[in-house]
Structures are given as C-alpha cells and as structure tokens.
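Just so you know, the protein sequences line up as chains A and B, in that order. Add 25 to a position in the first sequence, counting from 1, and you land on the number used in our numbering. Add 88 to a position in the second sequence, counting from 1, and you land on the number used in our numbering.
Fair warning: there could be bad hints in the mix.
[What the hints assert, rightly or not] Short, incomplete list of chain A residues facing chain B, as computed with Cβ under 10 Å:
id, residue
1, I51
2, I166
3, P252
[Said to hold, decoys possible] Computed list of chain A residues with no C-beta within reach of chain B, every gap over 12 Å:
id, residue
4, C48
5, A72
6, V86
7, W151
8, V162
9, P167
10, M171
11, V200
12, T204
13, T241
14, R242
15, L325
Everything labelled a hint here was simulated from the structure, so no lab data went into it. From the three backbone atoms N, C-alpha and C, an ideal C-beta is built for every residue, glycine too.
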Amino acid sequence: MLGYALRRVLSAIPIALIAVTVCFFILRLAPGGPFDGDRALPPQTLANLRAHYNLDQPLVVQYFIYIWRLLQGDLGPSMVFNDFTVSEMLAIGLPFTLMLGFAAFVVATIVGLIVGSLAAVNHNRWPDYVLVMISMVGLVIPNFLMASLLQLGFAVYLRWLPAGGYTPGSYINLVLPITVLALPHAGRIARLMRGSMIEVLGTNYIRTARSKGLGTRLILARHAIKPALIPVVSYLGPGLSYLLTGSLVVEQIFALPGIGKYFISAALNRDYGLVLGTTILYMFIILALNLVVDVVYAWLDPKVRYR
Amino acid sequence: MAGITGKDTVLTAYADQLGKLDAPKGRSLTQDAIRRLTRNKAAVVSIGLVVFIVLFAFVGPYFLPWRYEEVDWSAFRKPPNFEAGHYLGTDQNGRDLLARTMLGTQMSLIVALVATVVSVCIGVVYGAVAGYFGGKVDAIMMRFVDIMYALPYILFVIILVVIFGRNPVLLFVGIGCLEWLTMARIVRGQTLSIKEKEFVEAARAGGAKPFTIILRHIVPNLTGPVVIYATLTIPEIIITESFLSYLGLGVQEPQTSLGTLISFGAPVAETMPWLLLTPAVVLVTMLLCLTYIGDGLRDALDPKDR
C-alpha cells in the first residue's frame with residue numbers, strides 16, 4: 026500500500042514539471058504583453074519595466090529563471106497589480122476560493138451519494154424517476170444560469186437570502202454560491218452512484234446476503250456501499266478540480282472575494298506572473314487530489330494495488 | 089406424371105408455398121439498437137425536440153417580421169406584444185428578442201458542431217494510434233493525455249481566448265482541441281480489445297500497413313462508443329461556449345449566442361424577466377434533450393449497461 030502510494034507520488038513529479046512548461050510557453054505565445062495599456066508608455070519606461078521583470082531576456086532564459094524561482098517557492102511579482110507578489114495575491118484570494126470549493130464538494134458528494142443510493146434502492150419506481158430527473162436538471166444547467174435563476178428566485182422575489190457579497194462570518198451569503206457550485210457535481214455523483222449501486226445490488230453475493238435473512242439496511246451498509254463506491258471515487262478527483270475551477274465563475278457572479286476576480290482580468294491583461302502562478306497552484310492541488318483519490322481507490326479495490 | 093402416393097404434388101405445393109413467403113428476416117445489431125432506442129420514450133421525445141429546435145433556429149427567422157439586428161425605435165424594453173410582431177418582447181436596444189434568440193441558438197449549434205467534429209477527429213485518431221501501437225508509444229501518448237488532464241480546464245480555455253482573441257471560429261476549433269481527451273481514452277480502450285480480433289490479424293497477414301488497418305478496420309468498429317460520447321460532448325461544448333460568451337469572451341455583437349443573451353438578460357431579470365427566461369428555456373431544453381439522447385444511445389448501443 027505504502028509502496029503504491031510512493032510510486033504514484035514519484036510519477037506525478039514529471040507530469041507537474043511538463044505541465045508547468047506547457048503553461049509557461051503557451052501563455053507567452055499569446056500576442057500582447059502586460060504593459061499594453063490604453064495609453065502607450067514612453068519607450069524608456071517600457072524598456073525599464075521589461076528589464077525589471079526580465080521580459081527582455083530570451084524566452085528560454087526567462088523560463089529557467091522562472092523554474093529556478095519556482096523551485097524555491099517564489100512565484101514572482103504580479104505585473105499588473107504593482108507592489109504585490111503573486112504569492113501575496115494568492116494568499117489574499119485563494120483561501121476563500123478553496124474554502125468555497127471544498128464546502129461545495131463535501132455538500133455535493135454527500136447529497137449525491139444519498140440521492141444515488143435512494144434512487145438505486147427504488148429502481149424503476151417513482152422515487153427513482155423523480156430523483157433521476159432532478160439530478161439531470163442539476164447536471165445540465167450551466168452554473169452561471171443557475172446562479173442567475175436562484176438569485177432571481179431566492180434573493181429578488183422571495184428575499185430569503187442575500188444575492189451576493191461576503192463579509193467574514195456572514196455564512197448566509199454563501200448558501201447560494203455553494204448550492205450553485207454543488208448542483209452539477211451532486212447530479213453527476215448521484216447518476217454514477219445509482220448506476221453502480223444497481224449493478225452491485227444485482228450481484229450474487231448480495232443475493233446470498235439477502236437469503237441469509239439480512240435486512241436491507243444492513244446489506245447496504247455492510248456489503249453494497251463499498252464496492253458501489255469504486256466508480257464514484259474515480260470521479261471525485263476530476264470532480265473536485267471542476268469545482269475548484271468552476272468557483273472562479275461563481276465568485277465573479279456573486280461578487281465574492283476569491284481569486285476568480287483577479288484571474289480573469291489577469292488573463293486578459295497578460296499578467297504572466299499571476300496567471301501562471303494561479304494555474305500552477307491549481308495544478309498542484311489537482312495532482313495532489315488525484316493522488317489521494319488513487320490511494321483511496323487502491324484501498325477500495327485490491328486489484329489496483331498490484332498492477 | 090404424378091406418383092401413386094401423390095408425394096410429389098404435396099412437395100411441389102409446399103415448395104410453392106415456401107417460395108411465396110418472404111425470406112426469414114434476421115435482425116442486425118443496428119436494427120436491434122434502433123428498436124431499443126425507439127422504445128426509450130425520453131430519447132424519442134428528445135430527438136423530436138432537438139429537430140424542432142434546429143428548425144426553430146435555422147428556418148424560424150424567415151417567418152418573423154423583424155431581423156435580429158433591426159432596431160424598432162418605438163419599442164425599447166417592451167414585454168411581449170403580438171400586434172407589433174415582437175412575440176417575446178424586445179431588448180434594451182429595441183431589437184426583437186425572438187429573432188435574437190433564434191440567431192443565438194444557431195450560433196450555439198454551429199459552434200457545438202464544429203468543436204465536436206474537431207474533438208472527435210483528434211480523439212479517435214489519437215486514441216486508435218495509441219491503442220494500436222501499444223507499448224512505449226501508448227505509454228508516452230497516454231502520459232501526455234494525463235498531463236493535459238492535470239491542467240485546469242477553464243483556465244486553459246481562458247488562456248485560449250487570450251491567444252485567439254476575437255476570432256470565434258478559431259476559438260471554437262481551440263475548444264474542440266481541448267475536449268478530445270476523454271474521447272482519446274475511450275477509443276484507446278476499445279482499440280486495445282479490437283486489435284486482438286481475427287480480422288485485424290487477417291488484414292495484417294494480408295500485408296496491410298498499420299494506418300490502413302487503423303482507418304479501415306479499427307475505426308469503423310469504434311462507431312458505437314464514438315457516437316455515444318460525441319453526443320455527450322455536444323452539451324458540454326454548448327455550456328463552454330455559453331460560459332465564455334457570458335464572460336464576454338466569446339461571440340461578439342451584433343452576432344449573439346445563448347450565453348451572450350443570458351448574460352445581458354441576467355442583470356435586468358428583475359424588471360424584464362423575458363430577456364433572461366427566453367434564452368434560458370431554449371438552452372436548458374437543448375441541453376436536457378441532448379443528454380437524454382446520449383443516454384438513450386448508450387443504452388441502445390451498449391446493451392451490457394442496461
């Protein structure tokens with residue numbers, strides 16, 4: 026088990042390095058630069074700025090400078106938000122974004138698992154149809170549309186919940202954003218869980234357990250849930266990465282103080298440092314999560330360990 | 089001259105009778121699949137609705153009194169009004185909302201088609217090549233897919249927008265270039281099992297070159313999973329496009345898309361709800377139907393899942 030985990034960690038390192046390289050060069054291939062404002066800067070100022078951020082060096086040299094700093098944990102300066110380093114910007118916005126993403130993840134996973142199992146236990150009866158329909162609707166409505174509709178319904182017409190904004194401690198402001206973020210994820214997990222649960226409930230060992238006289242609840246808890254979780258777990262990694270990146274949009278819509286606000290404007294203004302820093306950080310989080318998922322997977326399914 | 093027992097007469101009559109009957113019909117796998125699909129009510133209704141939406145988007149504009157970029161100076165921000173010919177009202181600039189919704193639907197459909205075709209082409213060829221050659225080639229190609237998976241998708245789309253700027257065609261080819269990863273994985277898995285079949289062996293023994301085998305013998309056998317997955321890719325691309333347009337990064341004025349319409353409708357939904365609800369209803373119907381069709385196709389073509 027430990028050996029398996031170690032092998033996975035080692036194989037993630039080259040992936041991370043190559044991904045950083047790809048991001049770096051793709052971003053630089055885009056036309057334009059961080060200092061192309063509405064007003065052209067005087068040439069001397071521009072040259073000084075470019076020299077300050079090492080932008081006058083050949084691309085390959087810049088790349089090695091960047092990697093060298095990155096290895097020391099330095100993400101460099103932000104080129105548009107002067108006086109801030111990328112690490113400082115991330116420290117301001119990222120904790121909130123991560124908190125939002127993880128909260129939505131936990132809510133969605135729990136709701137999805139319950140909905141999926143309920144639908145599977147009632148396979149081909151009306152609760153199944155209703156739950157499948159609901160999870161389908163949650164799944165297909167894009168989050169920006171869902172956000173507008175919920176804002177209209179709960180904040181404007183019913184006036185139950187605030188439409189946006191956040192001050193530390195006002196958790197009621199987070200109800201709508203978390204719902205919007207969680208819905209598609211919950212829908213997908215419910216569908217996966219339903220499918221695999223139906224399959225598991227049809228197997229011979231469940232029939233054996235039933236013929237021994239075990240009750241439905243005991244069968245579910247002891248025998249059905251663990252094998253049914255396998256396909257769901259393999260989706261959790263990509264699912265969480267969707268949630269973390271998706272929260273960029275939701276933050277924008279609900280005017281929340283996360284990293285999303287900065288990221289989109291940073292990409293449009295070619296703030297190389299900030300875009301690259303955010304992307305790299307996200308990538309590491311996603312890779313780390315995939316590792317966790319793989320290890321959990323190995324725990325659930327012994328066949329994986331020895332491959 | 090008939091025999092004494094009349095055996096020949098009986099046999100001839102029987103042979104004639106048989107000749108008149110139709111040859112016994114076997115059912116091919118495709119016919120089976122179509123039968124299963126037509127029995128799935130949700131899928132049949134969805135196909136009908138999608139056909140309707142396509143007609144709505146491409147034929148509908150010819151039946152409207154207003155064109156999508158035409159400004160009605162007497163009607164700004166007006167709710168639905170049948171006498172003036174604004175069946176679903178007008179927007180802030182006095183343009184007919186129904187006409188604009190039709191144009192937006194057109195745009196979303198075209199984008200989805202282009203991007204899906206691009207992603208299917210890349211995904212199928214990539215996956216089939218990786219699966220067929222196996223070994224080191226496979227390991228390297230699939231490791232590359234892993235790397236692409238590790239990159240945060242939305243960030244990548246936004247970076248693409250930055251590169252391709254305001255050229256929508258290039259942008260959506262770009263989106264297609266990002267969506268092929270899952271397709272490549274599925275195709276590779278299928279190829280791994282198909283390449284062990286006898287007919288591939290026969291083709292190889294007959295001296296066919298690897299790429300001929302891949303294109304002539306393997307790719308046609310991938311149709312099922314590819315069709316299923318392509319149907320499920322379309323809604324994802326429609327969502328991506330509408331999301332980009334929502335952020336103001338996609339289709340530009342006076343052209344429009346469902347995402348653009350929603351993004352203009354959302355802030356004023358309190359006073360002019362029709363501006364948000366019309367494109368929203370079309371978008372959600374389209375996405376729901378496409379997902380149901382994809383599910384129906386999967387159940388029909390892949391019986392083991394039922």
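Hints versus structure:
1. I51: Cβ of A:I51 sits 6 Å from chain B, so the hint holds.
2. I166: Cβ of A:I166 sits 6 Å from chain B, so the hint holds.
3. P252: Where the cut-off is 10 Å and the nearest Cβ of chain B is about 17 Å from A:P252, the hint is violated.
4. C48: violated (7 Å)
5. A72: The claim stands: A:A72 keeps its Cβ more than 12 Å from every Cβ of chain B (closest is about 24 Å).
6. V86: holds (22 Å)
7. W151: Since the minimum Cβ distance to chain B is about 15 Å, A:W151 lies beyond 12 Å and the statement holds.
8. V162: violated (7 Å)
9. P167: A:P167 is in fact no farther than 12 Å from some Cβ atom of chain B, at 5 Å.
10. M171: Contrary to the label, A:M171 does not stay out of reach of chain B, its closest Cβ about 10 Å off (not over 12 Å).
11. V200: Its Cβ never comes within 12 Å of chain B, the nearest being 19 Å, so this holds.
12. T204: holds (17 Å)
13. T241: Label holds. Min Cβ-Cβ 23 Å, cutoff 12 Å.
14. R242: holds (27 Å)
15. L325: holds (21 Å)
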